[in-house]
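Visitor: Here is what each chain is made of, one letter per residue.
Number of protein chains: 2
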Amino acid sequence: MMEFPARVEVVEVGPRDGFQNIKTFIPTAMKLQVIEQLIAAGVRKMEVTSFVHPKAIPQMADAAEIAEAVCAKHQGTDFVPLALVPNLVGAKNAYRCGIREVAYVTSASEQHNLANINRTREQSLAELASITAELPDLKVRLDVATAFGCPFQGRVNENLVLSLIEAGLQRGVATVVLCDTIGVANPKQVYNLVRAVRAAFPDVPLGLHLHDTRGMGLANTLAGLAAGVTMFETSVGGLGGCPFAPGAAGNTATEDMVNMLHAMGVDTGIDLDKYLAAVQTVRDHIQPELTGHMVKACKYENLSE
Amino acid sequence: MMEFPARVEVVEVGPRDGFQNIKTFIPTAMKLQVIEQLIAAGVRKMEVTSFVHPKAIPQMADAAEIAEAVCAKHQGTDFVPLALVPNLVGAKNAYRCGIREVAYVTSASEQHNLANINRTREQSLAELASITAELPDLKVRLDVATAFGCPFQGRVNENLVLSLIEAGLQRGVATVVLCDTIGVANPKQVYNLVRAVRAAFPDVPLGLHLHDTRGMGLANTLAGLAAGVTMFETSVGGLGGCPFAPGAAGNTATEDMVNMLHAMGVDTGIDLDKYLAAVQTVRDHIQPELTGHMVKACKYENLSE
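Residue numbers (the working numbering), protein chains in the order written: chain A, 1 to 305; chain B, 1 to 305.
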């Protein structure tokens with residue numbers, strides 16, 4: 001029997017993972033408009049920006065402005081703004097702006113970590129330790145990159161994933177997210193890896209960040225659901241996720257996943273009509289070519305018989 | 001536990017369902033070239049054409065020529081050419097060309113059957129009875145259209161599907177295919193309907209014809225696999241399936257499904273590289289805009305660790 005949860009937590013990553021992949025600078029006011037539309041649609045957790053060096057990703061040069069505006073506006077509500085931080089400096093800057101939960105990326109694959117972050121896994125873990133030591137009331141989510149495959153070393157052994165999670169937990173990580181960084185996961189693999197991680201770390205909140213590069217975004221989501229995952233990171237319109245070919249999909253689109261979950265009777269807290277209005281804003285003002293499906297199809301209402 | 005079969009039968013429908021949705025007439029030689037490339041890639045069952053009236057679908061005016069050529073060339077091999085037939089006249093024409101297995105469409109929804117075929121369900125079933133009576137050694141697959149939802153009546157009750165299958169079996173149908181005609185199925189629904197059909201008709205070969213309109217093509221495939229289905233109808237490049245909006249996906253792309261199945265260790269008998277070469281032919285000579293994912297992504301080889 002396939003069993004599904006009653007409710008799923010949707011973590012929106014579009015304003016970080018999506019926007020950072022867009023070359024033209026998006027006006028800060030437009031970013032904030034999309035963020036506010038997503039919150040109004042019911043999103044309760046969102047990566048709103050990334051505290052990387054502006055020379056590395058100029059699109060994120062307004063990280064402090066974005067974070068401050070969102071934190072000020074939604075303080076005291078149940079909305080949780082997240083930011084990605086690559087190091088202690090970024091974490092301190094995020095904290096100063098009011099951010100109390102951050103995503104920190106380390107690759108299961110040593111070669112990918114070196115290529116992507118220019119650090120060994122050990123160096124990444126040492127930096128993580130300095131973040132949790134210096135900012136003890138900052139919650140840290142560990143994004144395990146290349147958890148399902150690496151562009152350099154191919155298959156990523158389950159033990160590399162488990163050992164990275166264990167090391168992260170020892171350094172104070174509160175949440176773990178398995179990321180299909182290059183979009184090569186398959187449902188069997190997702191199901192098996194999730195079960196292995198849950199067996200090893202049963203009390204650790206576990207999320208999935210899945211790509212739709214090869215059309216398996218929702219199939220992998222389904223496999224994750226069947227394995228017990230109730231937290232998924234997705235992106236408005238399918239923006240971002242480093243697609244490596246023109247027209248290829250990257251991140252799974254939030255609206256595609258929400259539509260599927262609602263059709264299955266799984267609650268997300270999101271109002272799909274309002275969410276689709278936010279997708280339209282993104283299409284009209286930021287990125288005309290979206291890879292999500294719901295922006296092209298129409299919403300289907302299950303009329304009564 | 002999610003369990004998956006060792007092998008899946010891929011039924012290619014691109015040269016029928018895909019080509020019939022293309023407005024410009026595709027030269028018969030080009031159609032035959034794609035069909036031959038698909039067979040060379042390992043496809044062992046394929047809808048090669050449709051014996052509809054050429055006034056209804058001019059693209060299928062060369063049905064007899066296509067069927068005769070393919071039947072002559074592959075007689076005595078393990079390749080099975082299929083054709084869609086809308087009525088007894090079409091079935092006789094197909095039979096005359098050498099076709100020994102046909103697809104016959106009836107909608108679970110009365111309103112859709114009237115709109116699509118201009119017959120009541122009862123009239124469709126009477127025509128079906130005349131086909132099986134007049135051509136007793138022609139195998140008939142019953143394509144149950146709108147099995148998961150109807151554009152006119154919305155939700156389609158499970159009993160409408162079960163009663164249509166029962167009526168089809170009484171009239172000599174050999175195989176049943178549940179079709180997500182308008183791309184609104186969700187994985188939970190697929191799983192539940194397949195289990196209900198298998199429980200009611202445990203000995204009847206059952207296939208699924210799934211669309212990717214809302215990004216759920218492979219998720220629904222996965223749900224079907226988990227429910228025990230081992231026969232899936234898909235289309236080269238994702239051609240066809242009546243997408244009702246520009247850019248929207250219709251049929252699930254064969255190459256996307258094959259890539260997923262192979263990654264999961266499920267055999268299909270198809271050589272993905274050769275199949276992708278056929279997709280390129282379709283893209284270069286028939287339809288430049290394909291909705292399948294694998295034509296835009298690259299194939300990912302799981303290198304050794």
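Treat the hints with care, as some may be off.
When chains are identical, the list treats them as one kind, so a pair holds in a single copy or across two.
DSBU-like mimics (lysine-lysine), calculated; alpha carbons at most 35 Å apart, straight line [unchecked claim]: (1) Lys45 x Lys296; (2) Lys188 x Lys55; (3) Lys139 x Lys45; (4) Lys139 x Lys296; (5) Lys92 x Lys188; (6) Lys188 x Lys73.
The set of hints was computed from the structure by calculation and includes no laboratory data.
Visitor: Look at each hint and say if it fits the structure.
Guide: Hints, verified against the model:
In this assembly of identical chains, lysine 45 and lysine 296 lie within 35 Å of each other by CA distance both inside one copy and across copies; the values are 26 Å within and 31 Å between. Taking the shortest Cα distances, lysine 188 and lysine 55 never come within 35 Å of each other, neither inside one copy (40 Å) nor across copies (46 Å). In this assembly of identical chains, lysine 139 and lysine 45 lie within 35 Å of each other by CA distance solely inside one copy; the values are 13 Å within and 55 Å between copies. In the homo-oligomer, the alpha carbons of lysine 139 and lysine 296 never lie at most 35 Å apart, since the shortest distance is 37 Å inside one protomer and 38 Å across protomers.
Taking the shortest Cα distances, lysine 92 and lysine 188 never come within 35 Å of each other, neither inside one copy (39 Å) nor across copies (44 Å). Neither within a single protomer nor between protomers do lysine 188 and lysine 73 lie at most 35 Å apart by alpha-carbon distance, with minima of 42 Å and 39 Å respectively.
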